[in-house]
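Number of protein chains: 2
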Amino acid sequence: MSEPQLAPTRRQLLGMIGTVAGASAMYQAMAMLGVAHASPYTGPVRLEGDPQGATVLVLGAGLAGMVAAMELRAAGYSVQVLEYREKAGGRCWTLRGGDRYTELGGAEQEVAFTEGNYFNPGPWRIPYHHHAVLDYCQRLGVELEPFLQDNRNAYLHSTTAFDGTPRRQREISADYRGHVAELLSKVTDQGALEQMVSAEDRALLLESLRSFGALDSEMRYQRSSSASGRRGYERAPGGGVEGEPIPNDPLDLSSVLQSRLWQHLSASDSMNTQMPMFQPRGGMDMIAQAMQREVEDLIRFNTRVVALEQDDEGVTVTFEDRRSPGSTEQLRADYCVCTLPFSVLGQVDHNLSGPLSNVIDTMHYASSIKVGLEFDRRFWEEDEQIFGGITYTDLPISMISYPSNDYFRRGSGVLLGAYSWGATSYQFNALPPEDRIARALDYGAQIHPQYRDHFTSGVAVAWHRVPWVMGCYGIWQDKAAQYQDAVAMDRRVVMAGEHLSYLPAWMEGAILSSLDAISRLHDRVVNG
Amino acid sequence: MSEPQLAPTRRQLLGMIGTVAGASAMYQAMAMLGVAHASPYTGPVRLEGDPQGATVLVLGAGLAGMVAAMELRAAGYSVQVLEYREKAGGRCWTLRGGDRYTELGGAEQEVAFTEGNYFNPGPWRIPYHHHAVLDYCQRLGVELEPFLQDNRNAYLHSTTAFDGTPRRQREISADYRGHVAELLSKVTDQGALEQMVSAEDRALLLESLRSFGALDSEMRYQRSSSASGRRGYERAPGGGVEGEPIPNDPLDLSSVLQSRLWQHLSASDSMNTQMPMFQPRGGMDMIAQAMQREVEDLIRFNTRVVALEQDDEGVTVTFEDRRSPGSTEQLRADYCVCTLPFSVLGQVDHNLSGPLSNVIDTMHYASSIKVGLEFDRRFWEEDEQIFGGITYTDLPISMISYPSNDYFRRGSGVLLGAYSWGATSYQFNALPPEDRIARALDYGAQIHPQYRDHFTSGVAVAWHRVPWVMGCYGIWQDKAAQYQDAVAMDRRVVMAGEHLSYLPAWMEGAILSSLDAISRLHDRVVNG
Chain W
1 MSEPQLAPTR RQLLGMIGTV AGASAMYQAM AMLGVAHASP YTGPVRLEGD PQGATVLVLG
61 AGLAGMVAAM ELRAAGYSVQ VLEYREKAGG RCWTLRGGDR YTELGGAEQE VAFTEGNYFN
121 PGPWRIPYHH HAVLDYCQRL GVELEPFLQD NRNAYLHSTT AFDGTPRRQR EISADYRGHV
181 AELLSKVTDQ GALEQMVSAE DRALLLESLR SFGALDSEMR YQRSSSASGR RGYERAPGGG
241 VEGEPIPNDP LDLSSVLQSR LWQHLSASDS MNTQMPMFQP RGGMDMIAQA MQREVEDLIR
301 FNTRVVALEQ DDEGVTVTFE DRRSPGSTEQ LRADYCVCTL PFSVLGQVDH NLSGPLSNVI
361 DTMHYASSIK VGLEFDRRFW EEDEQIFGGI TYTDLPISMI SYPSNDYFRR GSGVLLGAYS
421 WGATSYQFNA LPPEDRIARA LDYGAQIHPQ YRDHFTSGVA VAWHRVPWVM GCYGIWQDKA
481 AQYQDAVAMD RRVVMAGEHL SYLPAWMEGA ILSSLDAISR LHDRVVNG
Chain A
1 MSEPQLAPTR RQLLGMIGTV AGASAMYQAM AMLGVAHASP YTGPVRLEGD PQGATVLVLG
61 AGLAGMVAAM ELRAAGYSVQ VLEYREKAGG RCWTLRGGDR YTELGGAEQE VAFTEGNYFN
121 PGPWRIPYHH HAVLDYCQRL GVELEPFLQD NRNAYLHSTT AFDGTPRRQR EISADYRGHV
181 AELLSKVTDQ GALEQMVSAE DRALLLESLR SFGALDSEMR YQRSSSASGR RGYERAPGGG
241 VEGEPIPNDP LDLSSVLQSR LWQHLSASDS MNTQMPMFQP RGGMDMIAQA MQREVEDLIR
301 FNTRVVALEQ DDEGVTVTFE DRRSPGSTEQ LRADYCVCTL PFSVLGQVDH NLSGPLSNVI
361 DTMHYASSIK VGLEFDRRFW EEDEQIFGGI TYTDLPISMI SYPSNDYFRR GSGVLLGAYS
421 WGATSYQFNA LPPEDRIARA LDYGAQIHPQ YRDHFTSGVA VAWHRVPWVM GCYGIWQDKA
481 AQYQDAVAMD RRVVMAGEHL SYLPAWMEGA ILSSLDAISR LHDRVVNG
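Chain order of the listed sequences is W and A. No gaps in the numbering here: position 320 of the first sequence is 320 in our numbering, and each next residue is one more. No gaps in the numbering here: position 136 of the second sequence is 136 in our numbering, and each next residue is one more.
Note that these hints are calculated values from the structure, not bench results. Computed from a prediction, not measured in an experiment: that's the story for all the values here. Don't take every hint at face value.
Note: identical chains are not told apart, hence a pair may lie in one copy or across any two.
Said to hold, decoys possible - The calculated EDC-like cross-link candidates involving lysine to aspartate or glutamate, where the alpha carbons are at most 16 Å apart (straight line), are:
no., residue 1, residue 2
1, Lys186, Glu145
2, Lys479, Glu242
3, Lys479, Glu244
4, Lys479, Asp349
5, Lys87, Asp321
6, Lys479, Asp361
7, Lys186, Glu218
8, Lys87, Glu143
9, Lys87, Glu296
10, Lys479, Glu86
11, Lys186, Asp361
12, Lys87, Asp99
13, Lys479, Asp406
Based on the sequences and whatever the hints tell you, model everything.
Below, the structure is given as structure tokens:
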């Protein structure tokens with residue numbers, strides 16, 4: 001009797017494809033079968049067809065604007081870019097010793113960091129799946145290094161839990177999981193679960209909970225080598241006479257729950273914060289600098305756009321040279337890619353359509369504060385063995401992030417000493433920069449008392465006061481209803497930037513938005 | 001009415017200490033109060049007092065032996081070291097193009113890797129709390145870079161689950177947690193839990209489970225933006241017209257449980273595999289090389305110890321120069337630090353005490369296989385966006401680890417294509433090296449079909465066949481009963497190495513064991 005002919009399994013199918021057509025075809029098939037995960041970015045944009053000398057004016061030389069300029073010029077367009085600042089990059093920005101920054105309201109800060117230290121007030125980390133950013137880094141030679149988002153030896157801190165004593169993340173992580181696993185294991189044979197889960201699956205569930213929760217052989221989470229193997233020891237394993245480890249005591253369930261420190265346990269679980277993450281070596285603006293090198297000849301710096309008017313033949317932009325206030329100039333082009341934040345565009349005279357104008361006028365920009373603090377000693381590494389990663393706290397600073405570079409170096413380093421948003425950031429925004437820094441120091445010293453002896457200098461960026469964006473990222477009044485109105489080409493003008501994406505505040509959103517916008521613009525030009 | 005005088009909280013106490021005595025005193029107080037976590041290694045060893053010209057013979061120039069030689073010479077001893085190999089390092093070993101390696105049985109491999117590529121057959125990663133290793137790296141100028149142990153985009157793979165299709169780790173991680181959280185949330189009001197957890201804590205538990213499991217507002221784990229925000233999307237968030245993400249479908253609980261892929265969910269939770277981890281830039285033997293530079297003048301290479309005899313005045317070691325087989329020489333010293341693995345020492349004539357001899361004779365060495373595979377294209381990065389981290393599988397290769405260096409580089413790279421131990425490794429050990437490599441390729445191609453087109457060369461190290469250790473690490477017959485017998489100084493001889501620690505197979509265990517051994521030896525010499 002012959003075996004029945006079964007449909008091939010996925011693996012058999014892949015094997016056949018591999019045999020017949022080679023591994024590359026097999027990989028294509030894997031992608032189709034859902035083994036590989038596609039991204040919205042599938043490689044360098046292809047703008048095929050001749051634009052026949054069409055001209056494009058790009059407003060803003062942040063990442064969205066520079067990508068548009070770079071790719072449109074490569075496709076045959078004649079491109080010009082207007083930029084408010086004296087350099088490109090927008091929110092992709094790094095501050096180093098000697099830099100000066102004047103915020104709205106006039107307060108000026110001069111950064112006093114030691115040579116080699118830096119601080120990223122804006123984007124500071126790149127997820128592994130932000131393929132467009134990563135691809136531009138590769139194409140433009142921007143060197144990347146790992147950003148250590150996850151550090152089990154960093155702290156979780158609450159002013160109202162454990163007498164304000166910070167706990168190592170591994171303790172809360174191990175204890176929460178252990179207690180949850182123990183609780184569930186105790187009820188798998190109870191009525192409700194018996195109905196939801198088959199007997200076979202209940203046995204597997206118990207086995208999995210033991211491993212997941214580091215439970216002992218009787219399914220308890222308690223002082224044990226298995227629990228300490230995750231949370232840490234009273235005396236760590238060593239060598240020689242006193243080598244034998246001594247376990248420590250887990251926190252009880254109630255203390256863990258009431259501490260609310262479990263709120264932070266998923267901080268490195270979301271797609272955008274899972275390991276691995278990356279950062280450009282030397283500062284985030286290495287990306288901006290690399291793009292600027294590509295399109296510098298197209299950019300007119302120090303210009304403020306005051307009007308944007310389109311008609312049936314083209315777009316006219318009126319702008320002021322910031323070094324000659326009062327007098328305006330005009331540029332005209334066939335098309336315009338506008339990457340100005342809507343917080344800025346809302347102050348420009350324009351004749352854009354009603355639906356788009358409505359979005360521009362109703363989008364508000366998130367408030368956010370970041371404070372960079374330089375210390376003359378890397379005490380977080382030397383005293384506390386914290387290499388990279390983030391401490392989370394309920395203090396208004398929200399977090400302290402440790403540098404993911406120059407590990408083990410003797411000497412100075414820069415912490416992200418505050419990164420708050422929303423209501424928590426308002427109390428900082430209202431203060432002059434030096435007081436924001438002082439406050440970040442006071443708060444942070446509750447976690448790291450070494451702050452007091454080792455602080456050298458700081459810089460505080462309140463995003464509502466950053467002149468070229470006046471906020472951190474765009475928040476929609478009603479994204480579901482408004483989104484297509486805002487991304488659609490408005491006669492000869494198309495909008496681009498992080499605000500026109502579903503990755504708000506991420507560089508990837510800005511680039512993907514720009515690539516989509518110029519693809520549609522190009523399609524219009526070539527195919528009418 | 002005045003406020004009652006309360007005992008200060010821990011935070012208040014720390015604040016007072018800080019005010020009075022400064023931040024450093026405060027940090028000391030934090031350590032005492034359990035905020036900081038001590039390690040068995042508290043800084044460079046201090047061997048105070050004059051050994052008055054005492055001589056020490058160190059057997060073995062692995063990390064334990066070299067640390068002993070370095071520190072004893074610094075303390076005033078006259079030190080000599082005998083080493084079997086032509087270079088130092090022992091199991092701290094890196095293979096590069098051009099290296100030749102002959103295993104027991106005579107099979108020789110010549111490594112054919114491209115310049116710049118390397119493979120660590122032994123230790124390959126350093127936990128953040130292995131303070132002794134990290135401190136020697138700093139003192140000796142060994143540059144460290146992050147080792148990305150945790151990668152949610154690497155795979156979990158079972159030949160018997162999901163038709164053999166690998167799943168991204170983030171999918172199993174999110175789905176297991178989501179289902180566990182949902183199950184527990186459904187029974188928090190049931191009898192058993194009601195008795196174990198107070199009403200207040202049950203409310204917190206529910207709130208925490210929603211966050212921990214990415215549950216929706218009705219406490220369900222199902223297709224949703226919150227679930228996809230961890231496990232991935234059908235269409236990832238993007239920019240422009242098609243920017244809106246489309247969630248994908250979680251796996252159901254039964255599929256997750258029956259896949260047994262949850263076994264790997266704690267792979268990066270233990271103290272020794274938590275993030276962050278490190279590796280020396282350029283290969284693990286950068287540590288061995290740095291130590292060798294310190295003590296090279298003390299080491300006699302290419303020597304095989306054949307006898308170790310001690311009497312009331314000293315220790316005599318008989319050895320063979322491997323380049324003049326058959327003829328033996330002798331060295332005599334006041335004391336001996338023996339770092340030979342017991343697998344090797346068991347073959348040496350010696351007059352050590354009965355209890356120690358018993359440990360030497362009953363310790364067996366773990367079996368382990370590692371295979372390094374070079375490919376001419378980094379397809380795991382280019383096609384699959386896997387940067388560092390580890391794929392786990394139930395195939396006999398156990399895992400595939402991706403290099404934590406040269407990310408995004410175009411061109412070749414080396415994978416750890418198999419790392420198995422125990423029973424799983426035996427089928428590899430029995431094969432000649434080229435067949436081990438072929439088998440690792442066959443298995444690995446089930447996960448990465450690109451193996452077939454891009455393999456260039458490999459090297460396979462079966463630790464039972466490594467001449468200078470004949471195994472991977474020491475396993476005790478009865479550690480609880482035997483340990484103190486083996487670490488105790490045996491008249492004028494003291495043992496050191498990973499096998500005499502509670503960190504077996506880790507470099508930290510070897511160093512801590514050595515530091516403890518020489519401290520006791522020194523105490524004997526100075527204080528009698």
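Numbers of unmet hints, in rising order: 1, 4, 8, 10, 11, 13
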